[in-house]
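Q: Here is how the chains run, residue by residue.
Number of protein chains: 2
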Amino acid sequence: MLAREHIDTLGALLGAGGLLTAEADMAGYERGARYDSGRAAFVARPASTEAVSAVVAYCARHAIALVPQSGNTGLVAGSTPDATGTQGVLSLDRLRSTFELDFDNRSLRVDAGFRLSEINARLEPHGLFFPIDLGADPMAGGMVASNTGGARFLRFGDVRRNTLGMKVVLGDDAGTVVDFGAGLRKDNTGVDWKQHFIGTAGAFGVVTECIFNLERLPQQVATAYLVPRSPEHVTVLLNAMEVRLGTYLSAFEGMSGAAITRTLAHVEALRNPFPGGAVPDFVILAEVSRSWLPRAAEQQLDAVLEEVLADIWSLPEEPLGDAFVGPVHEMWALRHALSEGVKSSGYVVGLDLSFRRGELMRFRQHMSDLLALEFPAVAICDFGHVGDGGVHFNLVVPKLADGTNDMATAEALRERVISVAVEEHGASFSAEHGLGRRNQRFYDRYTTEKLKSMAAQLKQAVAPAPIGTARLG
Amino acid sequence: MLAREHIDTLGALLGAGGLLTAEADMAGYERGARYDSGRAAFVARPASTEAVSAVVAYCARHAIALVPQSGNTGLVAGSTPDATGTQGVLSLDRLRSTFELDFDNRSLRVDAGFRLSEINARLEPHGLFFPIDLGADPMAGGMVASNTGGARFLRFGDVRRNTLGMKVVLGDDAGTVVDFGAGLRKDNTGVDWKQHFIGTAGAFGVVTECIFNLERLPQQVATAYLVPRSPEHVTVLLNAMEVRLGTYLSAFEGMSGAAITRTLAHVEALRNPFPGGAVPDFVILAEVSRSWLPRAAEQQLDAVLEEVLADIWSLPEEPLGDAFVGPVHEMWALRHALSEGVKSSGYVVGLDLSFRRGELMRFRQHMSDLLALEFPAVAICDFGHVGDGGVHFNLVVPKLADGTNDMATAEALRERVISVAVEEHGASFSAEHGLGRRNQRFYDRYTTEKLKSMAAQLKQAVAPAPIGTARLG
Numbered sequence: 048m049l050a051r052e053h054i055d056t057l058g059a060l061l062g063a064g065g066l067l068t069a070e071a072d073m074a075g076y077e078r079g080a081r082y083d084s085g086r087a088a089f090v091a092r093p094a095s096t097e098a099v100s101a102v103v104a105y106c107a108r109h110a111i112a113l114v115p116q117s118g119n120t121g122l123v124a125g126s127t128p129d130a131t132g133t134q135g136v137l138s139l140d141r142l143r144s145t146f147e148l149d150f151d152n153r154s155l156r157v158d159a160g161f162r163l164s165e166i167n168a169r170l171e172p173h174g175l176f177f178p179i180d181l182g183a184d185p186m187a188g189g190m191v192a193s194n195t196g197g198a199r200f201l202r203f204g205d206v207r208r209n210t211l212g213m214k215v216v217l218g219d220d221a222g223t224v225v226d227f228g229a230g231l232r233k234d235n236t237g238v239d240w241k242q243h244f245i246g247t248a249g250a251f252g253v254v255t256e257c258i259f260n261l262e263r264l265p266q267q268v269a270t271a272y273l274v275p276r277s278p279e280h281v282t283v284l285l286n287a288m289e290v291r292l293g294t295y296l297s298a299f300e301g302m303s304g305a306a307i308t309r310t311l312a313h314v315e316a317l318r319n320p321f322p323g324g325a326v327p328d329f330v331i332l333a334e335v336s337r338s339w340l341p342r343a344a345e346q347q348l349d350a351v352l353e354e355v356l357a358d359i360w361s362l363p364e365e366p367l368g369d370a371f372v373g374p375v376h377e378m379w380a381l382r383h384a385l386s387e388g389v390k391s392s393g394y395v396v397g398l399d400l401s402f403r404r405g406e407l408m409r410f411r412q413h414m415s416d417l418l419a420l421e422f423p424a425v426a427i428c429d430f431g432h433v434g435d436g437g438v439h440f441n442l443v444v445p446k447l448a449d450g451t452n453d454m455a456t457a458e459a460l461r462e463r464v465i466s467v468a469v470e471e472h473g474a475s476f477s478a479e480h481g482l483g484r485r486n487q488r489f490y491d492r493y494t495t496e497k498l499k500s501m502a503a504q505l506k507q508a509v510a511p512a513p514i515g516t517a518r519l520g
Numbered sequence: 048m049l050a051r052e053h054i055d056t057l058g059a060l061l062g063a064g065g066l067l068t069a070e071a072d073m074a075g076y077e078r079g080a081r082y083d084s085g086r087a088a089f090v091a092r093p094a095s096t097e098a099v100s101a102v103v104a105y106c107a108r109h110a111i112a113l114v115p116q117s118g119n120t121g122l123v124a125g126s127t128p129d130a131t132g133t134q135g136v137l138s139l140d141r142l143r144s145t146f147e148l149d150f151d152n153r154s155l156r157v158d159a160g161f162r163l164s165e166i167n168a169r170l171e172p173h174g175l176f177f178p179i180d181l182g183a184d185p186m187a188g189g190m191v192a193s194n195t196g197g198a199r200f201l202r203f204g205d206v207r208r209n210t211l212g213m214k215v216v217l218g219d220d221a222g223t224v225v226d227f228g229a230g231l232r233k234d235n236t237g238v239d240w241k242q243h244f245i246g247t248a249g250a251f252g253v254v255t256e257c258i259f260n261l262e263r264l265p266q267q268v269a270t271a272y273l274v275p276r277s278p279e280h281v282t283v284l285l286n287a288m289e290v291r292l293g294t295y296l297s298a299f300e301g302m303s304g305a306a307i308t309r310t311l312a313h314v315e316a317l318r319n320p321f322p323g324g325a326v327p328d329f330v331i332l333a334e335v336s337r338s339w340l341p342r343a344a345e346q347q348l349d350a351v352l353e354e355v356l357a358d359i360w361s362l363p364e365e366p367l368g369d370a371f372v373g374p375v376h377e378m379w380a381l382r383h384a385l386s387e388g389v390k391s392s393g394y395v396v397g398l399d400l401s402f403r404r405g406e407l408m409r410f411r412q413h414m415s416d417l418l419a420l421e422f423p424a425v426a427i428c429d430f431g432h433v434g435d436g437g438v439h440f441n442l443v444v445p446k447l448a449d450g451t452n453d454m455a456t457a458e459a460l461r462e463r464v465i466s467v468a469v470e471e472h473g474a475s476f477s478a479e480h481g482l483g484r485r486n487q488r489f490y491d492r493y494t495t496e497k498l499k500s501m502a503a504q505l506k507q508a509v510a511p512a513p514i515g516t517a518r519l520g
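Protein chains in written order, with the numbering used here: chain A, 48 to 520; chain B, 48 to 520.
Chain A on its own, in the form it takes in the complex (with noise of 0.2 Å):
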């Protein structure tokens, strides 16, 4: 429990509205999208870059815990509180004022309190957008921190490709405000200190405000969901694809039959989009587009599709063993269900791993033959990003005979998964989640002592403040 006196000054500090303390008003703040829940001292919401400094240095001085928080959209733990109550939460939802568009520079400068969907619909008019697609809706700050990447990363890339520059708020005793560019896309003249508030939940500051690169808006997008011969022939057809299709391609995304299967048949809405009903083992999303309307003497974008597809079809190694194109946005609908789909059938392992591109499929091998070994009554429900090597390892552990979730079984399976991902294929235990308590383990086990000393002098140089829910020394 927090002294009062510290309350009330926070609390006078950030006038009417600005600080949350009773049980009720924080209980929305205490709790992350889906694993994690704990108690926080207070809630401060500042309205201000000037208004986040103030706390971050009224805190650091005390010594009180903070953890930023924005849209609280993440997986890994890495916006909410812990159990303890005596961490603040930081929450940027009133930072909403600047919204600015350089049309000329194709760029955003935008506070870290806007949600992507928000962005990307006041955007809209002017034929660009924020190009980061994801199933959930965060808010700039959060994207920041996290890094995160989603279902187009292929042809634009993650945040941090994305991030032209940044106002940013020091974890240090004066809650130094500093401004990382300008908004160049060349500027090569020194540190290029923005990096390290990309995909380090706030570990040493608070990003109040982002300078985002814009894309343009597609004009035209056809999709089709292709049925691979083999897992083998995967990266021969994703190969096969960027050959003829070159940056047409926007997505290269896998389903696995099990994760659709459920989905199917969780979501009513959802049509079986496959021949008979028959749901395929592993099915790829695959999507082209561009971002200009096609000119008279050229193809619709579906006709460039099947001409493609059946090339396709009859090279040498026949990796495809089926594929139709069909309606984008029922093949999208389909795809972005997976996650709440798979959610309903079980208790949820969620991994967010990654590999390098040819060996994601021979480790969900390796997996599929070790788990009917170790945990024949886990499913794996994965889905995620073939093009760019990401997948959402997602394992389904059944319930005990009670009804109560198998938490001893979840954090063996976790620990083995992650385990053989990390140490024979290479992987990175956190793709596009970034960090958080739920991956502190993993970030403790596979960081050398030299790197982890390196970053808590960076740490101590930079932020030494306790703020964030990572711990990089």
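Don't take each hint at face value.
Remember, identical chains collapse to one label, so a pair may be satisfied in a single copy or spanning two.
[Stated by the list, open to error] Okay, derived cross-link-like pairs now, EDC-like style, lysine to aspartate or glutamate, Cα gap no bigger than 20 Å in a straight line:
1) Lys497 x Asp220
2) Lys497 x Asp72
3) Lys446 x Glu377
4) Lys497 x Asp226
5) Lys446 x Glu364
6) Lys497 x Glu97
Derived by calculation from the structure, the hints in this document are not laboratory data.
Please arrange chain B on chain A, whose structure you already have, making use of the hints.
A: Relative to the frame of chain A, chain B by itself:
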């Protein structure tokens, strides 16, 4: 002069051919591509990461300053020794063993001593390339250390975007060898340390091995020269092209008439491509490309480009004064000859600036007015990367009456232009050439004390040894 004992120890450590001390042998390593030359205490040429580590460790323990150097093609004195004769050059030109293509991952693990041209020649049979397009031919290590950009940044980005991992020898007493990243595209598991070695000219250590992202080779390319109706119409033209061509647009380069005229006069092999030989004030080289061959029902790319230009021609803003589609190789030959061509006509103050895209032409107009008043004898012979806001703002200073270079005017000019660019137009004073002795004073002036202090602490934590040409603290 370095103590004999050090020379003997380093010589023994490096073996035959590994250490150069004779003046004639060292000369090529002491002089830069254009502006700089100095004197080396020795040139160490280790042939493996282990040998780099041994040299770095020995020199760190004996406080011997090291300047890492690879292709030595830079323009900011980032890879040559100073005049004192006390610095050793650590050349990476024998680091040429590892060249491992991972075709499925579209990535290459390559030693720092391979040249860009060599990398791409070896990749060509696989239909892949490292998508950095330059007039110069640097080695992999130097491309990372300066975060090279180039003429196709608009589509493919810079070295930072295309670096998936690296092996580094830290500048510490142990010459600690560290691997950052293993070729994954998504990996958010802590501080992204590799970012520190990109664009910092060796201040934190020596990159000995790189893992690069590769792209599919273009299969079809078309180019046009566009003459904007006025400087204000350049940005209108850029936006109009992007809207109509999306990711087809792979370059949008600006060339001043002054640079073109000098180059045509200097390089006999070049043909004057303009109707009647009249060189316009400002010309855009626009390139469209795609990484597949045209399908049956698809237009050839020059037909696409012509159709798009016809469309833009009829816009109400009338941004286009003239335009002609022409032979790709010839159009690029002029563009790539500009750097040498401009150099031939006097002493060149070469500035490597970048701006928000809409600001670039405003700066150019401002400079044109200002220099006409303050430096009327100086000619603006700029060219560069309008599509990403970069410009090689080259200023030709006439020789003095006695035939020598007018260095006083050159220095005053450099000072004046950079001040106006940075302070009034929000420019970067080093867009894509990185850091070196030549722009140290601008780093010192435009970096805040807070960031210098953070950089000094970071340097202390990662690489306390005297290494590299940039002083970050």
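Q: Evaluate each hint against the coordinates.
A: Status of each hint after checking the structure:
Taking the closest pair of Cα atoms, lysine 497 and aspartate 220 come within 20 Å of each other only across two copies (13 Å); inside a single copy the shortest separation is 27 Å, beyond that limit. In this assembly of identical chains, the alpha carbons of lysine 497 and aspartate 72 never lie at most 20 Å apart, being 43 Å within a copy and 38 Å across copies at closest. Within a single copy, lysine 446 and glutamate 377 get their C-alpha atoms no closer than 32 Å, and across copies no closer than 69 Å, so neither meets the 20 Å cut-off. Within a single copy, lysine 497 and aspartate 226 get their C-alpha atoms only as close as 30 Å, which misses the 20 Å cut-off; across copies the closest is 12 Å, which meets it.
Within a single copy, lysine 446 and glutamate 364 get their C-alpha atoms no closer than 43 Å, and across copies no closer than 67 Å, so neither meets the 20 Å cut-off. Taking the shortest alpha-carbon separations for lysine 497 and glutamate 97, only the inter-copy value of 18 Å comes in at or below 20 Å, while the best intra-copy value is 36 Å.
Checked against the numbered hints listed earlier, the structure breaks hints 2, 3, 5; every other hint is satisfied.
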